[in-house]
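Start from the sequences and build out the full structure, keeping to the hints where you can.
Chains A, P and H, in that order, give the protein sequences. Numbering of the first sequence is given in the UniProt record's numbering, commencing with residue 1 and proceeding in unit increments. Numbering of the second sequence is given in the UniProt record's numbering, commencing with residue 1 and proceeding in unit increments. Numbering of the third sequence is given in the UniProt record's numbering, commencing with residue 1 and proceeding in unit increments.
Derived by calculation from the structure, the hints in this document are not laboratory data. All of these numbers come straight from a predicted model, not from anything done at the bench. One should not assume that every hint holds.
[Stated by the list, open to error] Stretch by stretch, here's where chain P covers chain H in the computed footprint (C-beta under 8 angstroms, at least three residues): (1) 79 to 88; (2) 92 to 101.
[Stated by the list, open to error] Some but not every residue of chain P turned toward chain A, in silico, with C-beta under 10 angstroms: (3) Leu168; (4) Thr190; (5) Gly279; (6) Phe297.
[Claimed, not checked] Partial chain P-side listing against chain H, Cβ under 8 angstroms, derived: (7) Arg130; (8) Met163; (9) Leu165; (10) Gln166; (11) Glu213; (12) Met214; (13) Glu216; (14) Arg219; (15) Leu220; (16) Asp221; (17) Gly222; (18) Ala223; (19) Pro239; (20) Pro269.
Built from N, CA and C at the ideal position, the CB exists for glycine as well.
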Amino acid sequence: MRDILSSVRQRLRRVARATRTSGDAGHGGEDGTEANGDDPALDDGAVVTDGGTTAGSDGFVDRLNDRFGDDFTESAPFWLPPFLLVGLFVYGAIAWNFVISLTDYQGFIGPDYSDLDFEMYVRAINDSAVIDATVNTFLLVVAFTAVALGFGLLLAILIDRNIRFENTFRTIYLLPMSLSFVVTAQFWLWMYNYNNGVVNIVLGTVGIGPISWIGNSSIVLWAVVFALVWQFSGYTMVVYLAGLRAIPTEHYEAARVDGASTLKMYWRVILPQLKGSTISAAIVLMVFALKAFDFLYSLVSGYRPPNGADILATKMVREAYSTNNWAYASAIAIILFLMALSIIGPYLYYEYKQGNL
Amino acid sequence: MSDARHDESDPTDSAGGTDGLADRLRDDLAGLDGYRVALYATILTMTVFFLTPIESGLVTAFKTNPEGISSTLPFAPPPPQFFTLEKWQTAMAALGRGMVNSALYAVPATILSALLGSFAAYGLTQADWRARYKAPVLTMLVAGIFIPYQAVLVPLSQFWGAMPLQELLTPLWVLGVPEAYTGLVELTITHVAYGIPICMVLFRSYYRNVSEEMIEAARLDGATFRRVYRRIVFPISTPMFAVVLIYQFTQIWNDLLFALILVSTESSPAAPVVLILAGLGESMEGQDFALRMAGAFIAALPTLIVYIMFGEEFAEGVAT
Amino acid sequence: MARLELDDVRKVFTDDDGSDIVAVDDVTVDIEDGDFLVLVGPSGCGKSTTLRMVAGLETVTDGDIRLGGRSIVGQKPQDRDIAMVFQSYALYPHMTTRENMSFGLEESTDMADAEIDERVENAADLLDIPELLDRKPSELSGGQQQRVALGRAIVREPEVFLMDEPLSNLDAKLRSQMRTELQRIQEDLGTTTVYVTHDQTEAMTMGDRIAILDGGELQQVGTPLECYHRPANHFVAGFIGEPAMNFFDATVEGDRLVTDRFEYPLTADMREAVEGADGVTLGVRPEDIEVTADGPASDDDEFDTVVDVVEPMGNENAVYLGFEADSRDTFVATVGGMRRIDAGESVVARFPSDAVHLFDAASGDALHNRSLEDAADTEPRI
Numbered sequence: 001m002r003d004i005l006s007s008v009r010q011r012l013r014r015v016a017r018a019t020r021t022s023g024d025a026g027h028g029g030e031d032g033t034e035a036n037g038d039d040p041a042l043d044d045g046a047v048v049t050d051g052g053t054t055a056g057s058d059g060f061v062d063r064l065n066d067r068f069g070d071d072f073t074e075s076a077p078f079w080l081p082p083f084l085l086v087g088l089f090v091y092g093a094i095a096w097n098f099v100i101s102l103t104d105y106q107g108f109i110g111p112d113y114s115d116l117d118f119e120m121y122v123r124a125i126n127d128s129a130v131i132d133a134t135v136n137t138f139l140l141v142v143a144f145t146a147v148a149l150g151f152g153l154l155l156a157i158l159i160d161r162n163i164r165f166e167n168t169f170r171t172i173y174l175l176p177m178s179l180s181f182v183v184t185a186q187f188w189l190w191m192y193n194y195n196n197g198v199v200n201i202v203l204g205t206v207g208i209g210p211i212s213w214i215g216n217s218s219i220v221l222w223a224v225v226f227a228l229v230w231q232f233s234g235y236t237m238v239v240y241l242a243g244l245r246a247i248p249t250e251h252y253e254a255a256r257v258d259g260a261s262t263l264k265m266y267w268r269v270i271l272p273q274l275k276g277s278t279i280s281a282a283i284v285l286m287v288f289a290l291k292a293f294d295f296l297y298s299l300v301s302g303y304r305p306p307n308g309a310d311i312l313a314t315k316m317v318r319e320a321y322s323t324n325n326w327a328y329a330s331a332i333a334i335i336l337f338l339m340a341l342s343i344i345g346p347y348l349y350y351e352y353k354q355g356n357l
Numbered sequence: 001m002s003d004a005r006h007d008e009s010d011p012t013d014s015a016g017g018t019d020g021l022a023d024r025l026r027d028d029l030a031g032l033d034g035y036r037v038a039l040y041a042t043i044l045t046m047t048v049f050f051l052t053p054i055e056s057g058l059v060t061a062f063k064t065n066p067e068g069i070s071s072t073l074p075f076a077p078p079p080p081q082f083f084t085l086e087k088w089q090t091a092m093a094a095l096g097r098g099m100v101n102s103a104l105y106a107v108p109a110t111i112l113s114a115l116l117g118s119f120a121a122y123g124l125t126q127a128d129w130r131a132r133y134k135a136p137v138l139t140m141l142v143a144g145i146f147i148p149y150q151a152v153l154v155p156l157s158q159f160w161g162a163m164p165l166q167e168l169l170t171p172l173w174v175l176g177v178p179e180a181y182t183g184l185v186e187l188t189i190t191h192v193a194y195g196i197p198i199c200m201v202l203f204r205s206y207y208r209n210v211s212e213e214m215i216e217a218a219r220l221d222g223a224t225f226r227r228v229y230r231r232i233v234f235p236i237s238t239p240m241f242a243v244v245l246i247y248q249f250t251q252i253w254n255d256l257l258f259a260l261i262l263v264s265t266e267s268s269p270a271a272p273v274v275l276i277l278a279g280l281g282e283s284m285e286g287q288d289f290a291l292r293m294a295g296a297f298i299a300a301l302p303t304l305i306v307y308i309m310f311g312e313e314f315a316e317g318v319a320t
Numbered sequence: 001m002a003r004l005e006l007d008d009v010r011k012v013f014t015d016d017d018g019s020d021i022v023a024v025d026d027v028t029v030d031i032e033d034g035d036f037l038v039l040v041g042p043s044g045c046g047k048s049t050t051l052r053m054v055a056g057l058e059t060v061t062d063g064d065i066r067l068g069g070r071s072i073v074g075q076k077p078q079d080r081d082i083a084m085v086f087q088s089y090a091l092y093p094h095m096t097t098r099e100n101m102s103f104g105l106e107e108s109t110d111m112a113d114a115e116i117d118e119r120v121e122n123a124a125d126l127l128d129i130p131e132l133l134d135r136k137p138s139e140l141s142g143g144q145q146q147r148v149a150l151g152r153a154i155v156r157e158p159e160v161f162l163m164d165e166p167l168s169n170l171d172a173k174l175r176s177q178m179r180t181e182l183q184r185i186q187e188d189l190g191t192t193t194v195y196v197t198h199d200q201t202e203a204m205t206m207g208d209r210i211a212i213l214d215g216g217e218l219q220q221v222g223t224p225l226e227c228y229h230r231p232a233n234h235f236v237a238g239f240i241g242e243p244a245m246n247f248f249d250a251t252v253e254g255d256r257l258v259t260d261r262f263e264y265p266l267t268a269d270m271r272e273a274v275e276g277a278d279g280v281t282l283g284v285r286p287e288d289i290e291v292t293a294d295g296p297a298s299d300d301d302e303f304d305t306v307v308d309v310v311e312p313m314g315n316e317n318a319v320y321l322g323f324e325a326d327s328r329d330t331f332v333a334t335v336g337g338m339r340r341i342d343a344g345e346s347v348v349a350r351f352p353s354d355a356v357h358l359f360d361a362a363s364g365d366a367l368h369n370r371s372l373e374d375a376a377d378t379e380p381r382i
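Structure, rendered in structure tokens:
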């Protein structure tokens, strides 16, 4: 065995030597150390070449790396371009938006940045349409999020009960999520149709209705919430399902052995462990709700949503692109942004505390 | 614990004898059945709830307007005398150019945002630089997911209005491409910029689970940071690329707001399919629901195909 | 090949709240060309951090690391001419064995493909894995992955191999097999190797020399037998050897050591060694304790004890002895595996004076080690 090994070793050495003769100067120097480990001249030579290349050209880079960390400059080509793009389009745009909201910009003549004040915000606070839209936004966000969470949790628990064709059912429940707001708005417009819609026909069999779902300003918002729940509770289900699957089966078994009923088991053992899933799902749902513009626009094919369903998102776009009140629209956008920030700020802080950022 | 196991594994020993055992077994089965029946009944009811709007839309798309629509139940298939394919043809004629336009910006925007998201995630997870400086960069990128787009719309219009993009793209117009297609270039870049945050987060959750020792091994093997991405990280992220591409494609294809702002009219030669669909059936006499439904299915077709083929990946993208 | 020197190497981590944690405290080790040094210590002792500083994966807070006489501090890992074997093997999952092994040569040299291939195949022969060259890591067993990880290091022909607990993911049998093989390969290639482990058995059997770390501080560097028979302090004496050395806290009273259980006579050598020490810890290895059945104790270094528990291990029995029946504090002695001995039995235990170690109770430093006249040539029983 020894003999075979030493012959292998000799072969390895031979290959190494061949490399040295064919390799370039830099590598030759390094390999040279290996063969002539005691030859100081060769060692020194290698030091000079290495030192020369690093110290000469990269002084600034070294200083950057010293300050920010070893891989700072090397990794910059990866994260810096996307970061700049996002910085420009998101944060630059928000800052610009804020400045525009301080001008009197309207119509087709560009904004005048010399005269800045909070006039548009005063106007917004005194505008009953903005107040209504804010209330509607708030109602929509809260109702939609709460119902979608509860309904999604129910779906997740059902799917998690070891049923057959689990994948098929899951695919069906999540299907609406893959559709555009524009598409689902068409479907629900038809569902809510006064004479021929499924909703009124089903309710008619039990003697209710017909109801004008879209035309009645006091129920249209809830009709929209219902349609959005249909579209997004599949999402909540998927998030909760992932949370449920992460809970070790021992917890279910332990609760059973402790004599807990199914209901008690979910309430006291399982639900508390879904806190993380609930928080992240709630945040995403709220963001979806704030983006419900697409849905409302498509319901009426225009900037003016049905009476009683105007939210800040639609109001803002209408002010800007329908009546060209750019500065006023920007101010409404900032109000909407602050509402979103009041949700995501604490969330990001929570994630940071959890060590996820 | 030991009692429970005893009962299950060794029933013949139990004090009740064979008769008691049989009774208990029967009871268990009965209870199980009732429970399972209720469970499946609930699940099927939910299935009906989720499928009804889609089913009703699908059958309606094959009905004549207004006779077929008003004289049949909305979820019943069309009887022969009211059956027609005409709505599909009309919808296809109206939406066809929109489908092409949507694909023209959705595909490159999807690929670019996924790639840039992957770059950013790699530079922010596997690179070793101070957390003190890294955290703000990361936070700003993550927060980008949650921004309501209304907050950037006016500056976005101003920005694209001021950019001499139309002049830059002159060679295209010379070749006969309608100048309205500038809007698609704007849409592509806009979607890339606003898509990067979510793509970054999806990739980041994946890269954080990549073995740190493996990356160190590659660095020790002499690979530079760039080469580690090229030869190790990029190849092993193919499953995540599938997830991100699918998720991002549906998001971009489905989005109306940016299309509305940047292309503005559905009559533009560059109008994306969602923009045309949003106005479809409205301009005709009354509301032609059959046409709307046919249009909705045509517009949804690409995302439906992607969803049905890659449902698992889509679910994963959604859940992360 | 080259000599690796660590000179007062120090690593301080700064916590989030700004407090400093000293992970490695002024470690100085000199590893001769071709030497196999094992860094051993309990988890958290700084051994992995030390290795990672040599690799360049951690920065050095203070001190110097020299390879072949020149400092490598501040050099990038890839410029250091080292190869590392990781605990998790860290194989690239999307590459075959061949690609895994050639990756380093492709990235760090301009070597032609044919040469790379030749090197990879030679290394595969050496490791006896030529048939695995075209498989991916997911198709390999743990032991095979281990060999590929080793092969990846070997093809680089580095100045130094660094190994971070490379065998700890293998089952016991495979581990002892790989231990022998690893030693053979290292001897054969003659590459300077630093090997990190928490397992003192691995340290004793594999190292030319071992360096024992605790709390970031180097406790002792020496051959396995030096560390076993001439431990520098209480920690080393307790860490090396299985079952561990027995310790008894004692005070010096004239020519005797007094513990709360027994008194032990001091020889002239010992008396000289303990002079000035307030408290002393007496240490004696289990295999040095002579257990005889015929009592009662007749000599100063003999004690009457009761057998508490016997743990048969086949080749020997570990016997836990108390100074009275059902005593809570017991000490352990090993006796031959064929000898019959039962719990509850009264026996006499003798601590031979030439096998006794004495440590300063306050500092833990060794004051007196066992005499080595005979022991020097015998293999320790571990």
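Holds or violated: the hint that Leu165 of chain P contacts chain H, with Cβ atoms closer than 8 angstroms. This interface hint is violated because 40 angstroms lies over the 8 angstroms limit.
Restraint outcome when Met214 of chain P is required to lie within 8 angstroms of chain H by C-beta distance: holds, 4 angstroms
If you take the shortest Cβ to Cβ gap from Asp221 of chain P to chain H, is it below 8 angstroms? Cβ of Asp221 of chain P sits 3 angstroms from chain H, so the hint holds.
Can Gly279 of chain P be said to touch chain A, with a Cβ gap under 10 angstroms? holds, 5 angstroms
Restraint check, 8 angstroms cut-off on beta carbons, for Gln166 of chain P near chain H: violated, 45 angstroms
Is the interface hint satisfied for Met163 of chain P? The criterion is a beta-carbon contact with chain H at less than 8 angstroms. violated, 41 angstroms
Mind checking the CB of Glu213 of chain P against every CB in chain H and telling me if the closest is under 8 angstroms? At 4 angstroms from the nearest chain H Cβ, Glu213 of chain P passes the 8 angstroms test, so the hint holds.
Is the hint on Leu220 of chain P kept, meaning its closest Cβ partner in chain H is under 8 angstroms away? holds, 5 angstroms
Under the criterion of a CB-CB separation shorter than 8 angstroms, is Glu216 of chain P in contact with chain H as hinted? holds, 5 angstroms
Given hint Arg130 of chain P near chain H, where the shortest CB pair must fall under 8 angstroms: Check failed: Cβ of Arg130 of chain P comes no nearer than 11 angstroms to chain H, outside 8 angstroms.
Cut-off 8 angstroms, beta-carbon criterion: hint that Arg219 of chain P touches chain H: It holds, given that the least Cβ distance between Arg219 of chain P and chain H is near 5 angstroms, below 8 angstroms.
Restraint satisfaction for Phe297 of chain P [CB to CB of chain A, less than 10 angstroms]: holds, 8 angstroms
Checked against the numbered hints listed earlier, the structure breaks hints 3, 7, 8, 9, 10, 19, 20; every other hint is satisfied.
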